[in-house]
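Novice: Protein chains in written order, with the numbering used here: chain A, 84 to 249; chain B, 84 to 249; chain C, 84 to 249; chain D, 84 to 249.
Hints in this document: simulated from the structure, not taken from any laboratory.
Honestly, I wouldn't trust all of these hints.
One copy or two, either will do: identical chains are not told apart, so a pair holds if it fits within one copy or between any two.
Derived DSS-like pairs (lysine-lysine); straight-line CA-CA distance at most 27 Å [claimed, not checked]:
hint, residue 1, residue 2
1, K202, K87
2, K202, K159
3, K87, K159
Number of protein chains: 4
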Amino acid sequence: MARKIIGIFGAGRVTETDNDWMAAFSMGRLLAQRGFVVLTGGLGGAMEAASRGAREAGGVTLGILPGTRNTTPANKYVDIAVYTGMGEARNVINVKSCDAAIAIGGEYGTLSEIALALKGQCPVILLDSWHIAPHNTVKQPDWQLASSPEEAVSLAIAAAEAESGA
Amino acid sequence: MARKIIGIFGAGRVTETDNDWMAAFSMGRLLAQRGFVVLTGGLGGAMEAASRGAREAGGVTLGILPGTRNTTPANKYVDIAVYTGMGEARNVINVKSCDAAIAIGGEYGTLSEIALALKGQCPVILLDSWHIAPHNTVKQPDWQLASSPEEAVSLAIAAAEAESGA
Amino acid sequence: MARKIIGIFGAGRVTETDNDWMAAFSMGRLLAQRGFVVLTGGLGGAMEAASRGAREAGGVTLGILPGTRNTTPANKYVDIAVYTGMGEARNVINVKSCDAAIAIGGEYGTLSEIALALKGQCPVILLDSWHIAPHNTVKQPDWQLASSPEEAVSLAIAAAEAESGA
Amino acid sequence: MARKIIGIFGAGRVTETDNDWMAAFSMGRLLAQRGFVVLTGGLGGAMEAASRGAREAGGVTLGILPGTRNTTPANKYVDIAVYTGMGEARNVINVKSCDAAIAIGGEYGTLSEIALALKGQCPVILLDSWHIAPHNTVKQPDWQLASSPEEAVSLAIAAAEAESGA
């Protein structure tokens with residue numbers, strides 16, 4: 084059986100002084116402590132924070148990169164670097180490879196990952212992230228909102244375990 | 084010089100009795116009358132409506148399909164069918180190939196196309212589509228809202244012409 | 084019904100003094116005269132020659148580009164430019180979108196298109212192109228060899244028409 | 084620093100009684116013993132043999148799958164399963180993510196991986212695999228031939244270490 088993977092999606096422009104950086108770092112650490120592989124887009128900002136948190140807790144980190152090892156190398160906390168050379172199309176791979184995902188803050192790339200996760204039925208938890216609402220609808224949203232990194236991690240783990248019938 | 088292309092993104096589940104179907108049909112027709120190639124995801128619903136409107140006005144229609152000719156053939160109003168076999172990753176191609184795009188209504192796939200367009204700097208016009216807002220920000224949105232098919236077409240054409248320095 | 088598409092795959096480094104350039108040009112022209120859309124990778128060399136031959140005969144040319152309009156714009160003989168931003172992964176799209184394909188000469192990219200065509204069951208004709216042979220096998224090859232541009236075009240048209248049950 | 088990855092590419096239809104199966108198994112084991120992550124396409128046949136050899140030697144195995152976890156799940160010897168949903172386009176990712184690769188036997192998919200590796204400058208070693216030769220050329224081939232699994236592994240490791248300036 085392949086190991087369980089939980090994704091953390093967030094902006095590349097976040098820095099260590101931003102709340103989102105620390106949230107991503109904490110979530111990476113918590114997920115690693117619970118034995119999950121932590122998947123990110125492999126670049127800087129929130130992606131690096133999550134990878135670093137997981138690495139420092141002894142976890143395994145997976146990065147799915149948009150470019151090549153020469154153009155956009157993985158940050159130094161990525162253990163397994165998958166280079167796609169496919170630009171934003173790698174966002175599709177991110178959501179298909181996760182058992183569940185957490186979006187923290189984020190810009191347009193993160194919004195696309197949220198949408199692709201919902202489209203592809205990967206459970207997704209939003210933490211201080213995009214507000215989205217379809218035009219003219221009353222159906223229940225398929226996403227969940229968290230109000231802290233700890234809650235986001237709990238919801239993601241529950242979703243990942245439900246996903247696989249565990 | 085390649086021909087100018089404007090994309091119309093919307094849900095596959097829209098039917099002829101929905102407002103979105105007629106809006107997509109009208110926009111396809113108007114864009115074809117103005118000489119634009121009309122790009123869609125090539126499947127049914129709003130994609131078929133837009134292609135049909137463009138075809139009936141004598142225009143050229145381009146469909147970028149998620150599957151293969153055997154699994155998910157293009158609707159019958161697509162002139163040029165590009166089969167990717169890449170699932171939702173074809174949404175990236177849709178936005179990269181347009182000079183501008185209009186989202187009409189739509190579900191998660193359309194939301195991903197809106198996000199990818201914004202990420203990839205393809206001007207995007209929203210008509211009765213997703214409401215989106217980043218967490219904690221005051222910056223101006225990069226998208227435009229239209230209140231009618233005619234307005235959406237005008238805004239898209241203006242954006243497509245500005246895009247190319249025309 | 085979408086229009087029939089035949090692909091011409093060849094090297095980007097071919098110049099007008101090479102035999103392959105003139106062969107690609109001739110085949111583009113012949114295919115356009117017979118009413119086929121001519122698909123190429125949209126860049127220079129044999130891709131440009133084929134597009135130019137088709138365009139000058141009044142045909143429609145389709146280019147599937149590896150990059151974006153800013154990084155790797157289509158050559159000026161491409162009517163419909165599809166930008167993927169996916170690098171060599173666009174070669175998969177090339178073969179999936181053709182009713183048949185011709186490889187003329189070519190380097191490693193062309194070899195990958197030949198292999199992907201064979202894998203994806205797109206009929207492929209080789210003209211002065213790669214010699215390929217599996218290790219230890221006696222089965223009939225799935226590709227056809229042509230000895231002139233005219234023969235390559237005839238074989239490709241026959242294959243494209245058989246493909247669709249025409 | 085991300086871990087070094089070496090790919091083993093081969094046919095999905097190989098069975099345990101084939102020489103290629105045992106060669107793939109041996110190479111997976113040898114690479115794992117030398118500390119490399121072993122990358123495959125994640126499916127059966129030679130891919131499973133290589134993953135199993137690596138797993139049984141205590142190594143880490145990475146599988147890049149063409150489909151989704153529901154349609155084409157990874158074989159049970161894959162530790163890290165990356166689902167792309169992109170069909171053969173995942174072959175591009177395979178070659179971009181390796182420091183070096185070995186092709187063992189193989190059918191058209193393997194031939195495409197050989198070509199893409201050569202195109203993308205991933206060093207590639209051929210063991211009882213495709214014979215390829217460009218038309219009309221005298222230049223030195225960019226690939227290397229091995230005559231045993233042990234030699235293939237040695238050549239791949241040397242290439243992977245040269246690649247990174249180690």
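Novice: Next step is simple, just say for each hint if it's right about the structure.
Specialist: Status of the hints after comparison with the structure:
Proximity of K202 to K87 under the C-alpha cut-off of 27 Å is restricted to the intra-copy arrangement: shortest distance 20 Å within a copy versus 29 Å between copies. Proximity of K202 to K159 under the C-alpha cut-off of 27 Å is restricted to the inter-copy arrangement: shortest distance 25 Å between copies versus 31 Å within a copy. Within a single copy, K87 and K159 get their C-alpha atoms as close as 22 Å, and across copies as close as 13 Å, so both meet the 27 Å cut-off.
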